[in-house]
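For the record, the sequence lines run as chains A and P. Heads up: the first sequence runs through residues 689 to 804, numbered per our numbering. Heads up: the second sequence runs through residues 3 to 118, numbered per our numbering.
Bear in mind the hints are in silico, worked out from the structure with no lab data behind them.
Below, simulated DSS-like cross-link-like pairs (lysine-lysine); rule was C-alpha separation at most 27 Å, straight line:
id	chain 1	residue 1	chain 2	residue 2
1	P	40	P	115
2	P	5	P	115
3	A	699	P	40
4	A	745	P	5
5	A	699	A	745
6	P	72	P	5
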Amino acid sequence: GAGVSQSPSNKVTEKGKDVELRCDPISGHTALYWYRQSLGQGLEFLIYFQGNSAPDKSGLPSDRFSAERTGGSVSTLTIQRTQQEDSAVYLCASSFQAGSGANVLTFGAGSRLTVL
Amino acid sequence: AQKVTQAQTEISVVEKEDVTLDCVYETRDTTYYLFWYKQPPSGELVFLIRRNSFDEQNEISGRYSWNFQKSTSSFNFTITASQVVDSAVYFCALSEAASGTYKYIFGTGTRLKVLA
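Generate the whole structure from the sequences, applying the supplied hints.
This is how it looks when you write it as structure tokens:
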């Protein structure tokens, strides 16, 4: 697509429920990143994909968080047994390739998650 | 370790004033990249500029200018003759070429309010 697409744009869920957030990167972008932006905070790195593999999962806050990417394209971030502290905007970004740190990230509009 | 500090949480200026957003970074690498992104109220981060560690030339793009000083580990952003449309949150980010982690570390952002 023309840009990075994320869905849903807004999700309200009850504590303890599972949620899935989807990211559709720009066609041809091999690198994909998930970040979390909490109210008044910066962007917290969660996970990075190169193709379908995730060389760096170090930012995932707990084992309730997982992510996968299929076909080198769409990625899904899953949060199990959601907690109120999971409430945030989850941002996805993609770039042509990783490996040098020079690549410009293109961001989606984000998925705002509210856990009641 | 990588770190980006944006000490200014929020700045308010009156339209047509000049404003400088500060960014201080920490890295052990000799090769790294610095970025500025703008996050307007719509939420989608927009890329503004990328600088590599070997290029300390200042850059000007219209009303925007960037001052990169390795001696003080700073990469400051100046908006000249600010306009209401400049109101947004601005993020400074750092990536390291050799770390292999491919993380882009973001500061906590500076919210700029330009008042008419």
